[in-house]
Structure formats: C-alpha cells, structure tokens
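There are 2 protein chains.
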Amino acid sequence: MIERLVVAGVGLIGGSLALAARRSGACARTVGWGRDAERLAAAVRAGVIDEGHTDPAAALAGAGLIVLAVPLGACRAVFEALRPHRPADAVVTDVGSVKTSVIEDARAVFGAVPPWFVPGHPIAGDARSGFGAARADLFHGRRVVLTPLPETDAGALARVEALWTAVGAEVERCTAEEHDRVLADTSHLPHLLAYALVEHLLRRHGRERAFRFAAGGFRDFSRIAASDPTMWRDICLANRPALRAALGSYRALLAELDAALDAADGAALYEWFARAKAARERFCDRGER
Amino acid sequence: MIERLVVAGVGLIGGSLALAARRSGACARTVGWGRDAERLAAAVRAGVIDEGHTDPAAALAGAGLIVLAVPLGACRAVFEALRPHRPADAVVTDVGSVKTSVIEDARAVFGAVPPWFVPGHPIAGDARSGFGAARADLFHGRRVVLTPLPETDAGALARVEALWTAVGAEVERCTAEEHDRVLADTSHLPHLLAYALVEHLLRRHGRERAFRFAAGGFRDFSRIAASDPTMWRDICLANRPALRAALGSYRALLAELDAALDAADGAALYEWFARAKAARERFCDRGER
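Those sequence lines, one after another, are chains A and B.
Per the working numbering, the first sequence starts with residue 1, numbered consecutively.
Per the working numbering, the second sequence starts with residue 1, numbered consecutively.
There may be inaccurate statements among the hints.
Same chains, same names: a pair is fine if it fits in one copy or spans any two.
[As the list claims (entries may be wrong)] 20 Å max Cα-Cα, derived EDC-like pairs, lysine to aspartate or glutamate:
1. Lys277 <-> Asp126
2. Lys277 <-> Glu151
3. Lys277 <-> Glu3
4. Lys277 <-> Asp262
5. Lys277 <-> Glu170
6. Lys277 <-> Asp265
7. Lys277 <-> Asp55
8. Lys277 <-> Glu199
Keep in mind that the hints were calculated from the coordinates and are not lab data.
Build out the structure end to end from the sequences listed, making use of the hints.
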C-alpha cells in the first residue's frame, strides 16, 4: 500500500486516479500538487483529494508514488520542480499520450532516464475535462500502457503496475517507440482528420448550411474535433515524427482511393469498404456500434 | 390523403416510410414492390406494409405516390420497370443519397425528366438495415432535401412535401448540384475517410494490436466504416465529381497540416483546433457531444 500518492495536476485523469486509488485501498492518502491554490482547495472540498499543495516541498514530503498528470508541454517543468524534493524511495510515473517525448524530458532534466521513473499512458478519457468530471471508475476495464526502459527499476515498475491494476485497468507493456507509433495511428491521426474535416466544411460552405445538412455520420466522425486544442497541439508537437509518418501513409491511401474514383473502379471501392467493415466489426467492441 | 402509397424496395428507409405514412394517416394503404416474394410476405406479416408484389402491374395499379427506396445503382432499372405501369396521375419520388445521378437516370429512361418525378433525400439512417429495423419515427425531426427541377410539377412537389411533413420530417429545397456538393462534404467524404482509416490500421499494424489500443475516439470516428459496402460503392460512383472535388480540397488541407507539423508550428495547430472545436460546438446538436 502507498502511504502518500501525489498527483501533479488535478484534472480529469489526475482527479480520477486519486479517487480510484483511495477507494480501492491502493493508497492511504492522496495529495494534489498544482499551481492554483483555489482549485486545489475546491478539489479537496469536492472530496477528490485529501490535501492540496502548491509548494513542491510540502506536496512531495513522504510521497511513495508521484503521478504526473499534466499536459505534455508541462512535463519538463514538473520534472525540474520535483527534482530537489522527491523522497529517495519515491517512484514517479506519468500519464502522457506520447511517451518518447516525456522520456526525452526526463533525460534532459536528470541527465539520464532515472530508474525510478516509469513512463505510462492510460488509454482513457472523456469529452469533459477538469476534476469536476473525475470519477473513480474511469479506468475500469481500460488499457494502461507502460513503456519501461532497460534502465527502469523492476520494483518501481511493479509498484506502478499494482496501482493501475488496483483501479481496475489492464496493464500492457511495450516500447515507447511502439506506443507512439500505434497511438499516432489510432488516436492522434484520427484527431487531426476530424479537425481537418470541420475546417474543410468551414472553408467550403461557410457557417451554416453545411452543418445543418450534416447527419449522424458526421457527428460521430467529428466528435473528437471538440477535444481540448491545447492538449492536442501538445500531443501533435510531442509525437511529430510518428504522426507525420502516419499522416504520410494515410495521404497515400487517399491518393489510391482518388485513383479508384477517377477510374470509376467500383470493384476496388467495394473491396476496400467490405474489408474495412469486416475489420471494424471483428476488432471493435461487439457491444457497441 | 394518398389512397395507395407504393414503396419500391422495402428496406430500412422504405419500410420506415410505409410504417410512418400509415400511422400518420397520410395514406390509406401501403404497398411494397420488390423482387423477393418471400421477403415481401415477411414484411406484410411483420406489419410493415399492407401488401407486397413482385409484379409491377399489380404493385402500381391505383398508385397515388410511388417512392423509390432502392440502392442508387438500381434506380434506372426501377424507372424502366415502372414506365409501362405508372398510373397517369401518380407522382414518383426517390430517397437516393445522390440527386444528379438519379435525375440523369430519369432523363435516360424517359427522354426528359418527367414533371411527375420529384427527386428527394431524407437525411436519416441507422447502423442497421432491412425492414426488420424499420420504425415509424425514423424521420421525426430529420431533414428531407427535395431538389425539384424547373420542369417539376408544383402539385407533384406539394404532394411529396406533404408526405414528408406528415411523417415528422423538416423539408428543405435546393438544387441537385448543391445537394450533391454539400452531401459530398458532410457525408460521403467522411465515409471515405473512415474506410481509409481502418485500411490504414490494417496495413500498418496487421490484425490485432492496433485495434486493441484503439480508444473511444477511434471507435466514434470509424463507426461509419461499418456501413454497407454496396450502398457506399454506389454512392461514391454516383457522386464521383463532387466527391473527388471534396477529396481534393481535403487532401490540400492535410498538406497544410503536414507543413504546420513539419515546421513545429504550434500556434497554427492551436488555431486550427480551436476554430474546429468552436465550430463543432456551435453548429452540432447541443444535446449530444
């Protein structure tokens, strides 16, 4: 059991993890660490965390596990801030959507990636954000990907894995590079495509008519274009090489589709569509369409 | 009131329209016209239509309004089949997702677009298909776009409009060309993009891991890739020019995004994402995300 679990950044993910960790008995006390004393106080009043601190020395004193749940663009500054105050036996992990960039940040701050740092990413979220949306079951049945390095301490890895398992998640491991490639394809690229589709409608049809005609397909497709722009700018910049590779492959596919359209090749179009339909039905949850 | 409403093609749309028209009192009797006698008999037993016929003479005798609810690729053949049997005062409309191609089919079969033909498109659907999924409220609050030509008879147009209004839809009018351009952008292009994304995952990651990591965003985004491949092949072919124009503009946007990524231009990315988020929230239903 973790005596004190410190969450740096008490938003949807950090708040939900604090709630879930305490409810599951994985930790005795949850501590929020952030920059905004008022928001921390509100999170304490809401019962999301037990105590909140803006001062890193106070936040980190006695910490057993420290979770960075801040935007990717803030990770490096948080590493800097925790450096002088981390208890020698405290394990640090994070929840960033890109892993190579966070590892790079850790290397830049500490000279080498510390054995007590375990990079991680819970594949969970919600259209809403902020600790007001936090809920103890956010990670139930969700995957958490840990991307330890050869230098990662086995005990530190086990401690982080135990936390996620305690809150109901399924833990997988892979390399940071593989994680970033797969997430570029399954998450970062779709977000780009959805943002681009809304922009496409705005440019071609102006403000109203096109959206008035837009049916359910468009709404499903573009839902992720309502995601937080700051978070997604950070993700795109942090995962630039993998995202550009994904985008390049995808653009080549669109060129193939355009050639099939140009040739009025109904058989080729049918084959694509049938294969995609079969794959989606096979691999995505059967319970939902 | 329509004495006999004939629906050519008793699937989701045709079946739902028959159910809704009778329930609303817009017609006295509903007639299904199709090629499969067993399926028609089953639709009668299920209460979706009052009677079913494979023979066009029997189906069309006494018809007041005939609705083509067949795949786009079958419209021309249905025009041919109804030509000798249509009662002189019967109005014909259709529900195809592309309007210029259906108008072209009518012109090819009848020499000119007949005044009694009113091209139409209800923007409604469901992940499921077939008359088993039919429901009387499918068109409630949905838009139906009618694209009359200068030669369309005003009385015919009014009769079709009255039917859709009776079943709860909101009728709009525009030209066939405008309809096809807007639908290319809001519906046909998103379907292509979703099919392409699933293909992208299949090619880059094979069969399993990528889909295992895929989160809710991907599921929302790719839901439409589970749509019927035959229907979508037909739509893509029928709306080829408008769809290629839409795809061309969209590909240019992806090139812009790639340039912003290449330049690590966080300000440009943020501006895109924020504009898209604002537009989506302003124009899409507030009730759902």
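Non-conforming hints, listed in increasing numerical order: Numbers 2, 3, 4, 5 and 7 - these are the hints that the structure violates, sorted from lowest upward.
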